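Those protein sequences? They're chains A and B, same order as listed.
Heads up: the first sequence begins at 28 in the numbering used here, then just goes up one per residue.
Heads up: the second sequence begins at 2 in the numbering used here, then just goes up one per residue.
As a list, the in silico DSS-like pairs of lysine-lysine whose alpha-carbon atoms are at most 25 Å apart:
1) Lys362/B to Lys194/A
2) Lys138/B to Lys35/A
3) Lys502/B to Lys180/A
4) Lys397/B to Lys180/A
I should point out that these hints are in silico values taken from the structure, not numbers from a laboratory.
It should be emphasised that the depicted structure is a prediction, and the values quoted were computed from it without experimental measurement.
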Amino acid sequence: MKNFYIEKTSIIHNLNFWTKFICLLLLMPVSAFLAPPKLLLVIVFPFIVLSLISKIELKKFWNATKLYNVSIVIGMTLLALIFSHGTLLNRLIEGLVLSIRFIILICFGVLFAMITNPIEIPTGMLKVKIPHKYGITVMIAFRMLPLISQKIKNIIDAQRARGAKLKLNIRTLPELIPRFISLMVPILHSTLNISVEISDTLISRGYNPDGRITIIPSKFKTGDYALFLFSGALLVWISIGF
Amino acid sequence: MKIMDIALELKEISYRYPDNEKYVLKDINLKISRGLFYILTGPTGSGKTTLLMLARGFYKEYGGDFNGDIHVFGQSIKNFDIGELGSKIGIIFQNPATQLHQLRVIDEIMSSPIYQGFPWNECKARAETIINELLDKNFYYRVPGELSSGEQQKVALAACLAMECEILLLDEPFSFLDAKSTKEILNILLKLKREGKTIVLSTHNLEEVSGYADRIALINSGKLISEGPTEEILYSNELKEILTSPLSIKVAKALIRKRKLKKRVVNWQNLLKKIKIKSKIGEMIENNTKQGSILKFDNISYTYPGGTRGVKNISLDIYKGEILGIVGINASGKTTLAKLALGFLKPNKGRIYLLDEDITKLDVSERAKKIGYVTQDPTEMLFGDTVLEECAFGPKCLRLENPEQLAKETLNKLGLLRYKEEHPDSLSGGEKRLLTIADILVNRPQILILDEPEFGLDPKIWRSIVYIIKKLKKEGKTIILITHNLESTIFLCDRIAVMNKGRILKVEDPIRLYKDPEFLQKSNLPSLPLFKSLKALGKNRKPLSEEKFIDFLTASVEEIK
Numbered sequence: 028m029k030n031f032y033i034e035k036t037s038i039i040h041n042l043n044f045w046t047k048f049i050c051l052l053l054l055m056p057v058s059a060f061l062a063p064p065k066l067l068l069v070i071v072f073p074f075i076v077l078s079l080i081s082k083i084e085l086k087k088f089w090n091a092t093k094l095y096n097v098s099i100v101i102g103m104t105l106l107a108l109i110f111s112h113g114t115l116l117n118r119l120i121e122g123l124v125l126s127i128r129f130i131i132l133i134c135f136g137v138l139f140a141m142i143t144n145p146i147e148i149p150t151g152m153l154k155v156k157i158p159h160k161y162g163i164t165v166m167i168a169f170r171m172l173p174l175i176s177q178k179i180k181n182i183i184d185a186q187r188a189r190g191a192k193l194k195l196n197i198r199t200l201p202e203l204i205p206r207f208i209s210l211m212v213p214i215l216h217s218t219l220n221i222s223v224e225i226s227d228t229l230i231s232r233g234y235n236p237d238g239r240i241t242i243i244p245s246k247f248k249t250g251d252y253a254l255f256l257f258s259g260a261l262l263v264w265i266s267i268g269f
Numbered sequence: 002m003k004i005m006d007i008a009l010e011l012k013e014i015s016y017r018y019p020d021n022e023k024y025v026l027k028d029i030n031l032k033i034s035r036g037l038f039y040i041l042t043g044p045t046g047s048g049k050t051t052l053l054m055l056a057r058g059f060y061k062e063y064g065g066d067f068n069g070d071i072h073v074f075g076q077s078i079k080n081f082d083i084g085e086l087g088s089k090i091g092i093i094f095q096n097p098a099t100q101l102h103q104l105r106v107i108d109e110i111m112s113s114p115i116y117q118g119f120p121w122n123e124c125k126a127r128a129e130t131i132i133n134e135l136l137d138k139n140f141y142y143r144v145p146g147e148l149s150s151g152e153q154q155k156v157a158l159a160a161c162l163a164m165e166c167e168i169l170l171l172d173e174p175f176s177f178l179d180a181k182s183t184k185e186i187l188n189i190l191l192k193l194k195r196e197g198k199t200i201v202l203s204t205h206n207l208e209e210v211s212g213y214a215d216r217i218a219l220i221n222s223g224k225l226i227s228e229g230p231t232e233e234i235l236y237s238n239e240l241k242e243i244l245t246s247p248l249s250i251k252v253a254k255a256l257i258r259k260r261k262l263k264k265r266v267v268n269w270q271n272l273l274k275k276i277k278i279k280s281k282i283g284e285m286i287e288n289n290t291k292q293g294s295i296l297k298f299d300n301i302s303y304t305y306p307g308g309t310r311g312v313k314n315i316s317l318d319i320y321k322g323e324i325l326g327i328v329g330i331n332a333s334g335k336t337t338l339a340k341l342a343l344g345f346l347k348p349n350k351g352r353i354y355l356l357d358e359d360i361t362k363l364d365v366s367e368r369a370k371k372i373g374y375v376t377q378d379p380t381e382m383l384f385g386d387t388v389l390e391e392c393a394f395g396p397k398c399l400r401l402e403n404p405e406q407l408a409k410e411t412l413n414k415l416g417l418l419r420y421k422e423e424h425p426d427s428l429s430g431g432e433k434r435l436l437t438i439a440d441i442l443v444n445r446p447q448i449l450i451l452d453e454p455e456f457g458l459d460p461k462i463w464r465s466i467v468y469i470i471k472k473l474k475k476e477g478k479t480i481i482l483i484t485h486n487l488e489s490t491i492f493l494c495d496r497i498a499v500m501n502k503g504r505i506l507k508v509e510d511p512i513r514l515y516k517d518p519e520f521l522q523k524s525n526l527p528s529l530p531l532f533k534s535l536k537a538l539g540k541n542r543k544p545l546s547e548e549k550f551i552d553f554l555t556a557s558v559e560e561i562k
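For reference, chain A alone in the conformation it holds in the complex (with noise of 0.2 Å):
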């Protein structure tokens, strides 16, 4: 998700985690099966909106969805083609509505990652009763996650520079094994001094998980209601008036 972030300032970026989380849980079901093909090009409609106040160009994201956006097209119609009844124009059209029907999901999915930062994740869930070991716990996987693999790096660069061959083929097949161990105890063993001394780190900090710790202010402004309203307004007419 870190890669897909682009850091801006604009409105979307600004709006609170939640506001942003369930708005894409409310345009989910709507793009994927609530909205009738017709209407699938209205949904399109507030993601270029939304998109242009994000400020994010919409060549970003053709670059960070061309890949699964062809793969669909082609997939989606293949199966079309296969499993649907009736003319071959028609399975054409099926399989065209329902690539367009992932291809927005998808579209949808990455604009939530394009104007969320990684950061507000964690966060977020600290700001709502949801346990706060479990919002912890996710922020310690962010932080973490780049140490231990800086770590493991590390580990597989040792082991070369004794002459480990890494890379698999036929010949080096029978001393897989040993290689194998010789990467897995390192890494085992860092990554449990790691998480020892974070955890020294969180009780030091007089953290308790199953103790009360302040509950983060969430505040939701005017921008958030709107989009709120929007996303709503937009799942009932469509689920309803269709």
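With chain A's structure known, arrange chain B on it following the hints.
Just chain B now, with coordinates in the frame of chain A:
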């Protein structure tokens, strides 16, 4: 002395870890007065960390057998929950990176009061006050992963202070830091001490802290050996035998013996104020290690994916049989250069030659036969069930003949053969470091790259590693030493390459290099007080032993001011 004047009191402390027969601490009695800068010192594995962790209240979390009692401002820590105790006593650990668990500096500093359940506005106010006092406003929304180790340690310190603790425990807080960051943190600690906080710091590098310390406690094998005012402990025979005295104290002792110094001093700064060093004008003793280039970087540049700077236009000849030190502040490109030599990274530009053979495109495993690399942290390398199995791993990977015999010969050379059937984890810190050197030497490389070999080692163990490095040099090995420890390079390195922002600024012998304070400042390296004494060496450009250095220096002292 009133009870409340004693910040921390350890009463008959003994401790044994769970599933361990041996007590790591035995009958420790210690009283630390309020407002002191107190040093706990002792060899690696002597029990310093355990002592600090127990004092912070971790005895329940660790389990094990805890006897005795610890009082904080007259109250037993057993009366407090570990979280509550945080408002009286805080702790800073060795590794700055793993002490930061939040995703922004402001959140990290606010975390302690948040976990204590303080009102949100108070959490925010505390964090803002501390950031403004210790850091800078631009730190608020910075991401911990993008901070330097020194900055991370400052943030950890700030987070600890957000609990408004009166006593600060610091466990080897400078291990990951360069000299400049160490100095900055020490100055913060001094400021906190002046504000009335009690500082208890564990370290085995007394040279850098002795000027700040009020008292020192020396611990060995879990026992309190001696305790007293800084000066008394620095000059004690116990310290000399257990840990070795800091260099400035050795020089001061020699000067006192020669009646060239009347009063004891506690560090280089003190010493240099009391003596005048006569510049030695003697014949030039040249470095005679230039036996032809063994490794050559020819205009090498490397940028990490994502655009992070690696190294730029590096041209460097490393001579056969020399010890080359690579120094520079964190992220100056030292490790990147080593990784390029080893083939972990492929340069974007330039070529690398090993004995005139172009190895730029040679695979890592092929280079492993010629260039060895010992990592900073032994746990990154060790995995075997026995020392012998561990050492034989490299030759087996490289398909060398008779790997076990090669391993035995190498272990014998480094004095580790007697442990050949032992598990590597059973070795001491110094022995583990030696084993990692053996793991690489067994492949018979021509060049050995040591990445911060002094990391985590006490001075006594480091001396034994220095002895081995010098022995390897005598055998004709070329050694590249990546280090933060500038002092040790004087006695070890033939030349020093100074790196900054991915470039090599200068390659020079250490004695000449360290005599140039302007250059040191330009390259962001600290000008250690010790460097001022180097003029006693005159035109000597050869690395010399500590003993020889002391002889030179004491002979050159002209008068006592």
